[in-house]
Amino acid sequence: MVNPVLLIIVPLGLAFAIPLFALFWKGAAKYIPPAALGFNLIVSLILLPRVLAEPIIVSLGGWQPPFCINLVAGPVGILFSAIIALVGLLVSIYALDYIREGAVERYHTLYLLLLTGATGVVLTGDIFNLFVFFEILCISSYALVAYLGERSGIESAVKYLIQGSVGSSFLLIGIGLLYGQFGTLNIADIAEKITSASPISLFVPMVLFITGLGVEAAIFPLNAWLPDAHSSAPSSISAILSGIAIEVGLYAVTRVIFTIFGASGILSFLAVLGILTLLVGEICAFSQNNIKRMLAYSSIGQIGLILFALAIGTSYGVAGGLFQLLSHTLSKALLFLAAGYMIYRAGSMEISAMEGMGKKMPITCLAFTIGAFSLVGLPPFTGFPSKFLIVRAALATQEAFFCVLIGLVLLGTVIEVAYFFRVIQVLYFKGEKMNSVKKEAPIAALIPIFFFVALIITVGIYPRLVTDVLNSAASEFLNRLDYIRSVLG
Amino acid sequence: MMSFLNSYIYYTGAFGLILIGLYIILVKHNLIKVIVGLGILDTGVNLFLVSVGYITKGTAPIFSRSEINSEHMVDPVPQALVLTAIVIGVAVLALALSLSIRLYKHYGTLNLRKIREQRW
Chain D
0 MVNPVLLIIV
10 PLGLAFAIPL
20 FALFWKGAAK
30 YIPPAALGFN
40 LIVSLILLPR
50 VLAEPIIVSL
60 GGWQPPFCIN
70 LVAGPVGILF
80 SAIIALVGLL
90 VSIYALDYIR
100 EGAVERYHTL
110 YLLLLTGATG
120 VVLTGDIFNL
130 FVFFEILCIS
140 SYALVAYLGE
150 RSGIESAVKY
160 LIQGSVGSSF
170 LLIGIGLLYG
180 QFGTLNIADI
190 AEKITSASPI
200 SLFVPMVLFI
210 TGLGVEAAIF
220 PLNAWLPDAH
230 SSAPSSISAI
240 LSGIAIEVGL
250 YAVTRVIFTI
260 FGASGILSFL
270 AVLGILTLLV
280 GEICAFSQNN
290 IKRMLAYSSI
300 GQIGLILFAL
310 AIGTSYGVAG
320 GLFQLLSHTL
330 SKALLFLAAG
340 YMIYRAGSME
350 ISAMEGMGKK
360 MPITCLAFTI
370 GAFSLVGLPP
380 FTGFPSKFLI
390 VRAALATQEA
400 FFCVLIGLVL
410 LGTVIEVAYF
420 FRVIQVLYFK
430 GEKMNSVKKE
440 APIAALIPIF
450 FFVALIITVG
460 IYPRLVTDVL
470 NSAASEFLNR
480 LDYIRSVLG
Chain G
0 MMSFLNSYIY
10 YTGAFGLILI
20 GLYIILVKHN
30 LIKVIVGLGI
40 LDTGVNLFLV
50 SVGYITKGTA
60 PIFSRSEINS
70 EHMVDPVPQA
80 LVLTAIVIGV
90 AVLALALSLS
100 IRLYKHYGTL
110 NLRKIREQRW
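In the order they appear, the protein sequences are chains D and G. Per numbering that gives the first Met the number 0, the first sequence runs over residues 0 to 488. Per numbering that gives the first Met the number 0, the second sequence runs over residues 0 to 119.
No lab work stands behind these hints, which were simulated from the structure alone. There may be inaccurate statements among the hints.
[To be verified] With a straight-line Cα cutoff of 20 Å, these simulated EDC-like cross-link-like pairs (lysine to aspartate or glutamate) come out:
#1 G:K113 to D:E149
#2 D:K358 to D:D481
#3 G:K104 to D:E354
#4 D:K429 to D:E354
#5 D:K25 to D:E100
#6 D:K358 to D:D467
Values in this document were obtained by computation on a predicted structure and should not be read as measured data.
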C-alpha cells in the first residue's frame with residue numbers, strides 16, 4: 000500500500016537535503032528535483048485508479064478525524080498532484096541546462112519547496128494546513144521571482160510579496176472566524192456543521208477566504224502582481240507560476256466555495272468575476288509588446304475562463320473547467336519553456352526581436368505555435384475539447400445569463416487568436432530572408448518541450464484518456480455530502 | 000459603549016491593529032514603513048486568533064495537574080496556530096527586508112511611488 004503522505008514528505012525532505020548533497024558534489028543539486036518529482040508522478044499514477052474507486056483518508060498522529068490533521072487523497076487531490084508532479088518533472092529537466100547563473104542550489108531547493116507546497120494544498124483536509132502549505136508555496140515563489148536579482152525581478156517580487164502577504168492575512172482572519180464559530184479546523188467537519196449556522200455569520204468569512212485566496216489565484220481585481228512577477232521571473236519559474244501556482248490558488252477557491260460553504264448563491268457572482276478577469280486579461284495581452292508579459296496576461300484570461308466554467312456549477316461545467324485547467328497548464332508551460340530559449344537567442348523579450356526566428360530555431364518555434372494553437376482552442380490540440388466542453392456546459396444550463404456570458408468568452412477567444420497569430424506571423428513571415436545559422440535549444444530543453452507537445456496532441460485526439468478522472472473529480476467537488484461521509488465515516 | 004469595550008476588548012484591539020496595518024500598507028510610500036505595516040497586520044491577526052480561544056482568567060490546559068479546574072482551561076489550538084503564524088510572519092518579514100536591501104541597491108530609493116518601471 001502506497002501512502003499518499005509520501006507525496007509530501009519525500010519532496011520536502013529532499014528539498015532540504017539539497018544543500019547537504021551540494022556540499023559533497025556541486026552538480027548534485029540539479030538532479031534531485033527531477034528525481035523527487037519523478038517519484039511523486041509514479042506514486043500519483045499508482046494511487047489514481049485506487050482513489051477513483053474510493054478516496055484514501057490518511058489520519059496523522061494516531062487520532063481519528065475530526066481531531067487529527069488529515070490528508071484527503073480523493074480524485075481531485077491525486078489528479079492535481081499528478082499534474083503538479085508531471086509539469087514539475089518536465090520543467091525541472093528543462094532547468095538542468097537553463098539555470099546556470101546565481102545560487103543554483105538555492106534555486107533547486109526553493110523550486111522543490113514550491114511544488115511541495117502546491118502538493119500539500121491539494122491533498123490536505125484541514126484549513127489551517129491549507130494556509131501553511133499555501134504560505135510555503137507563496138514564500139518560495141516570492142524568492143524565486145527575485146532569483147535573477149536584476150531590477151525588474153526585485154521590484155516585482157516586492158510587489159508580489161506585499162500583495163500576497165496581505166491576502167494571506169485575510170485568509171488567516173477567515174480561518175480564525177470559522178474556528179471561532181465551529182471550534183474545528185477539519186474541512187469535512189466544518190462543512191457538516193455549517194448548514195446549521197446563519198448565513199449572515201458565514202458571509203464575512205467567505206468574503207475573506209475568496210479575497211485571500213483570490214490574490215494567489217489572480218482573480219480580477221486582485222491580479223496586479225501577476226504580469227510583473229510572471230514576466231520577470233526566469234522562464235522555467237514563469238512556467239511553474241503560470242502552470243501550477245495560480246491553478247492551485249483556483250483549486251483552493253473552488254474547494255472553499257463548493258465543499259466548505261456549499262454556496263450556490265455566490266456562483267453567478269463568481270461567473271461574472273471570471274468573465275471580467277477573462278476580458279481584462281485578453282485585452283491587456285493584446286496590447287503588449289513583451290512576449291512574456293503577453294503570456295502572463297493570457298494566463299489571467301485563462302484563469303478567468305476556468306473560474307467561469309467552475310462557476311457554472313453543473314457537473315459538465317466543473318469537469319470542463321478542470322479540463323481547461325489541465326490544458327492551460329500543459330500549453331502555458333510549453334509556451335513559457337519555448338519562449339525562454341527564443342528570448343535567449345533573440346537577446347530581448349520584445350516580440351519584434353523574434354523576426355525570422357522560425358528559420359533559426361524551427362523546432363522550438365513549432366512547439367510555441369502548437370502551444371498557442373492549443374491555448375486558442377484549435378483541434379486537434381487539447382484546448383479544443385476543453386473549450387468545447389465549457390461551451391456545451393454553458394448552453395446546457397439553458398439560462399440566458401450563461402448564454403450571454405459564453406458569448407463574451409468567445410469574444411475573448413477571438414482576441415486571443417488575434418494576439419497569438421500576430422506572434423506567429425512575426426516568427427515565420429517577417430524579417431528579410433537571410434542565411435541565418437540554425438541553432439536549436441539544447442537537448443535538455445527539447446526533451447520536455449517534446450513531451451509537452453506529445454501530451455497536448457494525445458489528450459487532444461483522445462480526450463477519453465482523462466474524462467473519467469475529470470468527471471469523478473467534478474463529482475467530488477459537487478457532492479459535498481459524500482466528501483463529509485468519506486472523511487468522518 | 001464602555002460595556003461593549005469591556006467585554007470585547009481583545010477583539011477591538013485586534014481589529015484596531017489590523018486596520019492600522021492595512022492603512023499603513025495602503026497609504027505609505029516608503030517600503031520600510033509598508034513592511035512595518037505588514038508586521039502590525041500580522042500581530043493583529045495573531046492577537047485575534049489567540050482571543051478566539053481565550054476565556055477570562057484562563058490558564059494553561061494541563062490535564063495531569065489536578066489543581067487546574069478544567070473550566071478555566073483555555074483552548075490550546077489557536078495558540079498552536081499562532082505559533083505557526085508567527086514563524087511564517089517572521090519568514091515573510093525577513094524576505095521582505097532582504098528584498099528591500101536589494102531594491103535600494105538598484106534604485107537608490109525606497110519610495111514606492113518612484114519605483115515604477117513596470118506598467119500595465
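The hints, checked one at a time:
1. G:K113 to D:E149: With a Cα-Cα distance of about 17 Å, the restraint between K113 of chain G and E149 of chain D holds, given a limit of 20 Å.
2. D:K358 to D:D481: violated (55 Å)
3. G:K104 to D:E354: Violated: K104 of chain G and E354 of chain D sit about 35 Å apart, past 20 Å.
4. D:K429 to D:E354: holds (5 Å)
5. D:K25 to D:E100: The given pair, whose Cα atoms are some 13 Å apart, holds under the 20 Å limit.
6. D:K358 to D:D467: violated (41 Å)
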